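Peer 1: Here are the chains, one letter per residue:
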Amino acid sequence: MNNMTTAQSRKLTYLGGIVLLLIPIIWLGLPSDGKAGSGGKLAQLRSQYELGESDLGDVDPSSAAMNLVLLGMRGVAVNLLWVDLDKQKDMKRWAEMQAVTESIVRLQPHFEKVWEFNGWNLAFNTSAEWDAVPDRYYWVKAGGKFLKRGVERNRKSTHLQYHVANVLQKKIGIADESKDYRKYFRNDPDPKFNGGIDPEFNPDDLDSYLAAKAAAELACIKEETRPQHILDRSLFRSMPARCQFDYAMVLQKDGKFGEETREAWQLALNDWTQKYGKETFRVSIADELFDIQLEMNREDIKAFVKSPDDAVKLTRAVESYRRMVNYYYWRMRGNAEADRETSEAHRDLYEANQFYRKQELEKARASALSGMTTFDAVLHKKGYEELKDEDTLVEECLLGIMVWEDTYRISNERVPDEFPLKWLKQERLGNESTMQNVSRAFKRLFLDN
Amino acid sequence: MSFDPHPLLIWFQKLPNGGYLLGAIPVWFIIAGGLALLVLSVSAVSVFVTHRGAGGKLFLRELSGCISDVLSLSPRRIGALAKLTFLEAYRRKALAVFVVFALLFMFAGWFMGDSKEITNDQVKVYISFVLRAISWLVLPVVLVLSCFGIPEDIRLRSLHTVVTKPARRLEIVLGRVIGFSLIGTVVLLVMSSVGYIWIVRQIPKTAKDQGLLSCRVPVYGSLTFLDRAGTPADKGINTGDLWEFRSYIEGATAARAIWTFKNMDASALDSEGNLHLENQFTAFRSYKGDMKRQLLFDFKFINPEKPIAPNQPLTFTTDARQVNEFRGVTDKINRKLGREGDEKTYDLIDDFVMKDGSLIVEVSCIDREQYLGMARPDLFVRRPDQPFYIGYAKAVLGIELLLILVTIMSVTASTFLKGPIAAVLTSCLLMLGGEDSHNFMDELVFGKFKGGGFLESIYRIITHMNPTTDLPDNPAFVGMRFFDAGLTNFLWLCKQVIPRLQYFNMSDYVSNGFDVPWDASVVPSILVTLGYLVPCVLLGYFALRIRELESK
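Protein chains in written order, with the numbering used here: chain A, 1 to 449; chain B, 450 to 1001.
There may be inaccurate statements among the hints.
[Claimed, not checked] Listed next, the stretches of chain B that the computed footprint assigns to chain A, with coverage defined by at least 3 CB atoms under 8 Å from CB atoms of chain A:
no., segment
1, 569–579
2, 687–694
3, 738–748
4, 768–776
For the record, the hints were derived by calculation from the structure and aren't laboratory data.
Nothing here was measured: the structure is a model prediction, and the numbers come from that model.
From the three backbone atoms N, C-alpha and C, an ideal C-beta is built for every residue, glycine too.
Let the sequences and hints guide you as you build the complete structure.
Peer 2: Structure follows, in structure tokens:
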């Protein structure tokens, strides 16, 4: 009897304890009914800081289930997976590495660095381990798609959105294999896409630079509500316009010199001066905060400040920002390239290379001379003087000269002493790196198809 | 392939210096015999200490009792005890593990990527998932059941009713081992059958038709290298990989990788007379070069026993072929070989296989200043494939053997320890049995680690002494080294008792599309299991015989 009473009272004590513990649990964890300020403390805080699963991004039920099942062991599990991942990477076990990466992001779906690191790892490190270009592209794409999924799971993340743009612009656009990558971006080498796009990677069937620009624009929009810590803000926000410049340049590289290319340059110039140039950046000058724009002229600055001293300070601040992003150069380049004359000069030099490759020497000589003459005029135009410091352009001109001179040598003729752009050649003769690049490009004329 | 299967040395091997390298069975006899001697010596000493003059008689009586128990084993009684153990495990709801298994397989597809993109790698993930999930579910269940069986019987005194029957204690231990192994086997068979169906269903027919669910049968050779000057070398060049599994040969130099395949004859050819040579070389470019094509290499068959001119052996060089990284590529070499500038046709088997059955294949990289990476298993002769279920069944056999080993160790531990402690001991032995921990212990035992042994490393840490600095030469440090050497030798002894579990992991073979080799995995696993069965059961019997069953 006594035992029974003891057991009963013990059970009642347990019950009392459970009820007592339930009170704070209910106070903390009561779900919200959807109205602002409703629900328990956790629901209110979640709503206040927008930390709910659906606020952060798409909800993945398997990820949520996995996290729940692991209870407090998520950290341990993730650590073990990271150790595995590192080992698999060293041992080049790519399939297992990809599977472990999937498990990690299911356990840490809102840890942005995890997406960033693994996306980078796939796109930049794993791809470089492969020899065949289509294989390399497969991993670049895997990294890009992985980052895109990261963005879907973390819609507000500025960093991840930036990295998507970064893979599209720098890995696909600037890598040594960029010519193939850009082709594959629109004509995937995987047979299951029948030579078309991979809809997950390039849903809008855009050029990689234009896709990068769209991603960068999104990153800039997100940056307005969630600051980034990757680049100085002025550099970060220049990315969409820089992608447009890259696009225009690559059109020229591909031998397109028509209206499409000129319009691309015009759009780049507008993006640079009318959009990016009108962006507001907050700078601090002697404990005071000022809002500046890179397109500000003296009148704008004067209208903005209270004293001439402030005007001087603000002018210096604007100048330093312009130097940081190379503002003048890109404005001038945009202006020059949007010019019909420059566009024709590019076309002439490009055609000279093509004729030379086919050994149509007369045509090559005429085209090269025409291009050189036009460029000579462009580079002497007021406001375009700095173009002569632009390495890519200079190398293009010097290659044109080399082709032009060689047409004479092949025909056993004497190269004329005077020719357009002679001054540029003499200026750059001592620059070993430029001359090496030009001679490499000259040799490549015979190799490329 | 990223692993290198080496056949286990079972008996012995004659070394070039005239000595012998002992294989698994002689080493087992030495260690098991040594341990038996140790146990008998300790028992004899303890009996003499406790019973003084009567000790000798008592010891001999116990010894003869043990021998008589061993000799009078009854399969019927063992069978009955095994049946009881099976029923007991069943009543303890061991089969509840199927619930977790069902849950895992219901949702596995969620975590395993898109079935539309079935690739070789994806198949690899499916197979390793199934085999790993089965191991991780079955082994803990068997471990817990086996560790708690005998201690629980002792606690509830149900063992008293058994030991008062004619059943001998050795039969109790054996009955337990067999009973728990049986229930584990039933669970394993059900799970592996479901797992097999799951794998086959996950992989579409088109992928199966492409041979993604394969079971290749490789014949590996031995690998040697020539450096860029053509001098024999142990390895090629390391191009910066952290993992030194593969080494590289330089293109357009005298650097070569030379494989020698033993026991080659016409049976290695397919019905059309082709030799299937599968390679998985990797490429390293010191400069990008022409990215439109992959690096080139060729095979050269050599028979030094058939010179076509003085100092010029018979050779045949294949056409250049492109490296196809991280994927196995099979080249079919027809047995009829025509050499350039030679009207005669040579036969791959008759003319290139040497008298001792060896076939020499030399690989060279053709591209200048580029490198080709390879390890021993990166080139092999591929015999006709086995059906996938053969490899899968062998992998399941690997889990079954591990399950039996776990049961043996757990039941043995439970004869002299309480349930939880026995479980901890067995888990520790399993954790230490992995390849990494054995390699780590090898490094400790053979002094590969800088910084010395236990006391020396403590001394170095406290005094901030660099591991490369020599210790002072005085009696204190000599003593310290002596003590460390003793500890290291003790670690060596402990290491011999810890099972090597690397052989049991056969899932790597199957998931990589290979058959499980008998000599490098199946036979060693069986030997390890048998190797533990006899001493463990005897130890368990001995412990149960001297155990005071009234003590809970």
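Peer 1: If you look at each residue in the segment 687–694 of chain B, do at least three have a Cβ nearer than 8 Å to any Cβ of chain A?
Peer 2: With 4 residues closer than 8 Å to chain A, the segment 687–694 of chain B meets the three-residue bar; holds.
Peer 1: Can you confirm whether chain A covers the segment 569–579 of chain B, using C-beta to C-beta distances below 8 Å and requiring at least three such residues?
Peer 2: Our answer is that it holds, as 6 residues pass the Cβ test (under 8 Å) against chain A, meeting three.
Peer 1: Cut-off 8 Å, C-beta pairs, minimum 3 residues; does the coverage of the segment 768–776 of chain B by chain A stand?
Peer 2: holds (count 4)
Peer 1: Mind checking, does the segment 738–748 of chain B have 3 or more residues with a CB under 8 Å from chain A?
Peer 2: Since three or more residues must qualify, the claim that chain A covers the segment 738–748 of chain B holds, with 4 doing so at under 8 Å.
Checked against the numbered hints given earlier, the structure satisfies every one of them.
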